[in-house]
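Number of protein chains: 4
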Amino acid sequence: MATVGFIGLGNMGGPMAANLVKGGHKVTVFDLSEAALEQARAAGCSVAGEVSEVTQGADFVISMLPADHHVEGVYLGDKGLHKTLSKTTLVIDCSTISAETARKLGAELQQSGIEFIDAPVSGGVGGAKAGTLTFICGGAESAVERARTVLNDMGKNVFRAGDAGAGQVAKICNNMLLSVLMAGTSEALQLGIAHGLDPKVLSEIMLQSSGRNWTLEVYNPCPDVMEGVPSSNDYQGGFLVDLMAKDLGLAQQAALRSGASTPMGSLTLNLYRSWAQLGHGREDFSSIFKYVTPQTKK
Amino acid sequence: MATVGFIGLGNMGGPMAANLVKGGHKVTVFDLSEAALEQARAAGCSVAGEVSEVTQGADFVISMLPADHHVEGVYLGDKGLHKTLSKTTLVIDCSTISAETARKLGAELQQSGIEFIDAPVSGGVGGAKAGTLTFICGGAESAVERARTVLNDMGKNVFRAGDAGAGQVAKICNNMLLSVLMAGTSEALQLGIAHGLDPKVLSEIMLQSSGRNWTLEVYNPCPDVMEGVPSSNDYQGGFLVDLMAKDLGLAQQAALRSGASTPMGSLTLNLYRSWAQLGHGREDFSSIFKYVTPQTKK
Amino acid sequence: MATVGFIGLGNMGGPMAANLVKGGHKVTVFDLSEAALEQARAAGCSVAGEVSEVTQGADFVISMLPADHHVEGVYLGDKGLHKTLSKTTLVIDCSTISAETARKLGAELQQSGIEFIDAPVSGGVGGAKAGTLTFICGGAESAVERARTVLNDMGKNVFRAGDAGAGQVAKICNNMLLSVLMAGTSEALQLGIAHGLDPKVLSEIMLQSSGRNWTLEVYNPCPDVMEGVPSSNDYQGGFLVDLMAKDLGLAQQAALRSGASTPMGSLTLNLYRSWAQLGHGREDFSSIFKYVTPQTKK
Amino acid sequence: MATVGFIGLGNMGGPMAANLVKGGHKVTVFDLSEAALEQARAAGCSVAGEVSEVTQGADFVISMLPADHHVEGVYLGDKGLHKTLSKTTLVIDCSTISAETARKLGAELQQSGIEFIDAPVSGGVGGAKAGTLTFICGGAESAVERARTVLNDMGKNVFRAGDAGAGQVAKICNNMLLSVLMAGTSEALQLGIAHGLDPKVLSEIMLQSSGRNWTLEVYNPCPDVMEGVPSSNDYQGGFLVDLMAKDLGLAQQAALRSGASTPMGSLTLNLYRSWAQLGHGREDFSSIFKYVTPQTKK
Chain V
792 MATVGFIGLG NMGGPMAANL VKGGHKVTVF DLSEAALEQA RAAGCSVAGE
842 VSEVTQGADF VISMLPADHH VEGVYLGDKG LHKTLSKTTL VIDCSTISAE
892 TARKLGAELQ QSGIEFIDAP VSGGVGGAKA GTLTFICGGA ESAVERARTV
942 LNDMGKNVFR AGDAGAGQVA KICNNMLLSV LMAGTSEALQ LGIAHGLDPK
992 VLSEIMLQSS GRNWTLEVYN PCPDVMEGVP SSNDYQGGFL VDLMAKDLGL
1042 AQQAALRSGA STPMGSLTLN LYRSWAQLGH GREDFSSIFK YVTPQTKK
Chain E
792 MATVGFIGLG NMGGPMAANL VKGGHKVTVF DLSEAALEQA RAAGCSVAGE
842 VSEVTQGADF VISMLPADHH VEGVYLGDKG LHKTLSKTTL VIDCSTISAE
892 TARKLGAELQ QSGIEFIDAP VSGGVGGAKA GTLTFICGGA ESAVERARTV
942 LNDMGKNVFR AGDAGAGQVA KICNNMLLSV LMAGTSEALQ LGIAHGLDPK
992 VLSEIMLQSS GRNWTLEVYN PCPDVMEGVP SSNDYQGGFL VDLMAKDLGL
1042 AQQAALRSGA STPMGSLTLN LYRSWAQLGH GREDFSSIFK YVTPQTKK
Chain P
792 MATVGFIGLG NMGGPMAANL VKGGHKVTVF DLSEAALEQA RAAGCSVAGE
842 VSEVTQGADF VISMLPADHH VEGVYLGDKG LHKTLSKTTL VIDCSTISAE
892 TARKLGAELQ QSGIEFIDAP VSGGVGGAKA GTLTFICGGA ESAVERARTV
942 LNDMGKNVFR AGDAGAGQVA KICNNMLLSV LMAGTSEALQ LGIAHGLDPK
992 VLSEIMLQSS GRNWTLEVYN PCPDVMEGVP SSNDYQGGFL VDLMAKDLGL
1042 AQQAALRSGA STPMGSLTLN LYRSWAQLGH GREDFSSIFK YVTPQTKK
Chain X
792 MATVGFIGLG NMGGPMAANL VKGGHKVTVF DLSEAALEQA RAAGCSVAGE
842 VSEVTQGADF VISMLPADHH VEGVYLGDKG LHKTLSKTTL VIDCSTISAE
892 TARKLGAELQ QSGIEFIDAP VSGGVGGAKA GTLTFICGGA ESAVERARTV
942 LNDMGKNVFR AGDAGAGQVA KICNNMLLSV LMAGTSEALQ LGIAHGLDPK
992 VLSEIMLQSS GRNWTLEVYN PCPDVMEGVP SSNDYQGGFL VDLMAKDLGL
1042 AQQAALRSGA STPMGSLTLN LYRSWAQLGH GREDFSSIFK YVTPQTKK
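Chains as they are written, first to last, in our numbering: chain V, 792 to 1089; chain E, 792 to 1089; chain P, 792 to 1089; chain X, 792 to 1089.
None of these hints come from the bench; they were simulated from the model.
Do not rely on the hints blindly, as some may be mistaken.
Put simply, identical chains are the same to the list, so a pair is met inside one copy or across any two.
[What the hints assert, rightly or not] DSSO-like mimics (lysine-lysine), calculated; alpha carbons at most 27 Å apart, straight line: (1) 878 x 817; (2) 991 x 817; (3) 947 x 870; (4) 817 x 1081; (5) 895 x 920; (6) 991 x 895.
I would like the entire structure built from these sequences, with the hints used as guidance.
Following this line, the structure appears as structure tokens:
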């Protein structure tokens, strides 16, 4: 069993750290929130007084932070962990940040002889709690293999997309595509409903035809077609509109940098931004279904 | 075994009629093309001298025609089949036309006491030849049940979406969604490629994540990721860009009529129209992958 | 001075009829609303007991109605005016309807030897009251010339776009473009504001640069940049979002019919439909400015 | 008359420097191209052997460079001009770069006590040659006033949008709006043409209606409507598609940074990128007119 330092105990990081303890690992955690630390302590984690303590004797340091500047702040700069990390520690950043920052972090840690992988996740808070996350990794093959020791206790799939940064790229490609599936499926269902079709029947038909996609399989955006999904629970829980808007912003940054043409992804960014701006940022991202409600005829 | 009249022996209708013969039915066909009639004769069909002959003694009259006005021309008007059809014949129109025309046709035939279902197909020329089409039907439940006698010899799935016209609505909803899946998947793959990812690896990751959809499963738009699909054959064969543009036009007509908001479907209509206009109308619709190629940096 | 029959006394038609009286014409009106008739009587019009009376001795019959089926209902069919109109009467339809219906109406009236022009207007309720409307006409040159006798008393510009129906086409082209100008100008101003620019200064700069357009000249969508426009009056009055959505629907119908590629116009249709659906249908169309408010950063 | 250092003698910078000489200023130039230097010498400029020479005794240093990293390279870093510039010199950067880089440059020069304004231009190569450019400036009011001494010899309009960086913001807002005007006007004209209207007549009508905008006034995208514009010269010359795509990329960067919702600007970026990718990058940006040609009916 491994010795693990864990930084960032939010809605995702908290349950991930708890699952590591369940897996038998020795876990030392750090967060700025006392409440989060208290919960982690109750789950069996040791609590570090300051961030640098999590590196002591660690086989792995794992971070799960909100955005690029938090990650840069933790690892780089004058007080960054790159000064205290041992060359035998593998750094695994599970945050969703830009590929550029991930690559930069990998390169700077490498200069100090420290191995790094980016390993953003999909699966949401539910997957974090259930230990069924998917990790999409970027880094050396050997490093990704080594990381499985801990990743397997927090998730059920570990993919390697390529070198450092590739995990972030693959994740935003997937999430950009997911936003397109969700918006497109919502439109198709609403168009059918507007013409008198039963959304359950239409969902079933498209599921068995060339319209089949993940949202029809497990995350139908139309209320009361499927049980146990956010759309049947007033769009509470799940993956927030605000977070989808953030990921789509990262996707467009990547597209701008590479000159990629992404008409569909540009449109979904604007749809999700508008939807958030209209007050739906804290709803599940399948609530975009409501956004494409047909205009009532006058 | 049934007596069937079959009108319209194009790329789809020809093999469909042939499969009916293989299924043991007595099939009389009509088409304006001598070559098509000759092929049908070789496949075991009887050839009608004029269109009205196909109704004689028919349990079913099936039509597979290019557009609304052909269907209206065959069944309605002074010389339309509604004058010669028997009340014991079930009319099955497999053409992809507007829901409005399908409903009108159903209503007018009903006035003469003739039963009607619309039964547009998905599965393309390959499915027509292999007898694995999907039929998406609109009409009375009893009529759809009765139609299975012949539909099952041409396809493997028969869905009922609702009353007359509902088959057309469900089909365009599905195909609008399909266009969104195809364009979105193409963009996501191109964005990954632009950032150095291997499209096979990225496809595999998204297939097992929330980006999963029909195109990644069986119709990957990126050349050489998958065998036996149009993208690996220079985008030849398959479902033409021109036909997708036609279906997306029908979808937008339906959206305009109902006041539905379809930002994604409007965009794919414009993408497919532009792509056709740029000379790619006769390529498979997965060729939209080439349309979102990143701009070469200067 | 002319004898005029006038059908349809809504927000536009009422003041137009009144201006004809001021111009010295003899005006007989018809509407289903008693209140509207009362107002017209007060303005000096004669009131017809039924619609066919307005044709009696009329040099011109002018109609200003909400949609295609109202226009068809008035002129065509068993009780249509085409039965009572004299060959010396010029029919001027000022409604905004599809070009197709206008062409059909022109053709059917021509069969009875009656001259017709379509003459949709721009300028809104304000222009109708002030007598400063613009008429965009379709029909024979001589008919358009003849119509000036009355059009000049209701407006200040009379254009001829081509034959019957061309007035409607030109109007929807113009209004589709207007929606693009409005949405684009709103976005540009919001982008500047989000980066700390003063919208008055930015408006002034773009007005004198290549971003110059009608909205910056006379209809700035940002509150308090310009006096006397809807944006400075809580978006009350002006040209309603619902009406813009209607015109954009007509534009997309025309695009679908002709195979035109209109990515911008498709997008504005969806923006205006969503905006209406979100409860802003009765606000001025410049309220789309609020729709593109930047998302507040978390 | 002033002593001026000028860096960057491309299609824009060359004629701008020549106009300064005509205005009576003493101009020392630097560029990496021998040919450009030779032309400048012929126009009466002194030629610097290396870039730092242009700062000697200069009242103004003006730069006109392709992109952010060129500007940063010239002014900042170990060999940057910030080391040799005098506190009495006003730096005027006329390049079109990100507002972020402009602000950074202003701040870093200010630390050395050197005044800076960003002053991107509109008006293109034609305006540069004719001395009729528009300068959109960001910086202190006094600095912008002082800059007029030289700007007035290269252009006819000088605007101040706000503090350092504001010039860049205003320029990209304007150019994003311009792309929307151009694409929207192209669509409207094509829609009219597809319905049989004469583009000259339709242009004239919209020019006098609410569709009026800069492109209809001076830069009609439809061939042979207007003389002396790129559309009437096979889309040669003018403002290149590649450059518009670059500016739209800057606009989207700014939108991403601020959370602005720009559905129209996102779409035009994708349209211009696709158009460039299809081989039209070196044509004038009004060639987007060809992109929205109606699909030929089958």
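Query - Up to 27 Å CA-CA - residue 895 versus residue 991, copy category - result: between (47 Å within a copy, 26 Å between copies)
Report task. With 27 Å as the alpha-carbon cut-off, assign the pair residue 878 and residue 817 to within, between, both or neither. Result -> within (19 Å within a copy, 60 Å between copies)
Report task. Can you give me the call for residue 991 and residue 817, within, between, both or neither, at a CA distance of at most 27 Å? Result -> Classified as neither; 48 Å inside a copy, 37 Å across copies.
**Report entry** Intra/inter-copy verdict for residue 817 and residue 1081 if alpha-carbon distance must be at most 27 Å
**Finding:** This pair counts as neither: shortest intra-copy Cα distance 45 Å, inter-copy 50 Å.
Query - Copy assignment of residue 895 with residue 920, given that the CA separation must stay at most 27 Å - result: Answer is neither: 30 Å inside a copy and 44 Å across each miss the 27 Å cutoff.
Query raised in the report: Is it within, between, both, or neither for residue 947 and residue 870, if the alpha carbons may be no more than 27 Å apart?
Result: Close neither inside one copy (35 Å) nor across copies (53 Å); limit 27 Å.
Checked against the numbered hints given earlier, the structure breaks hints 2, 3, 4, 5 and satisfies all the rest.
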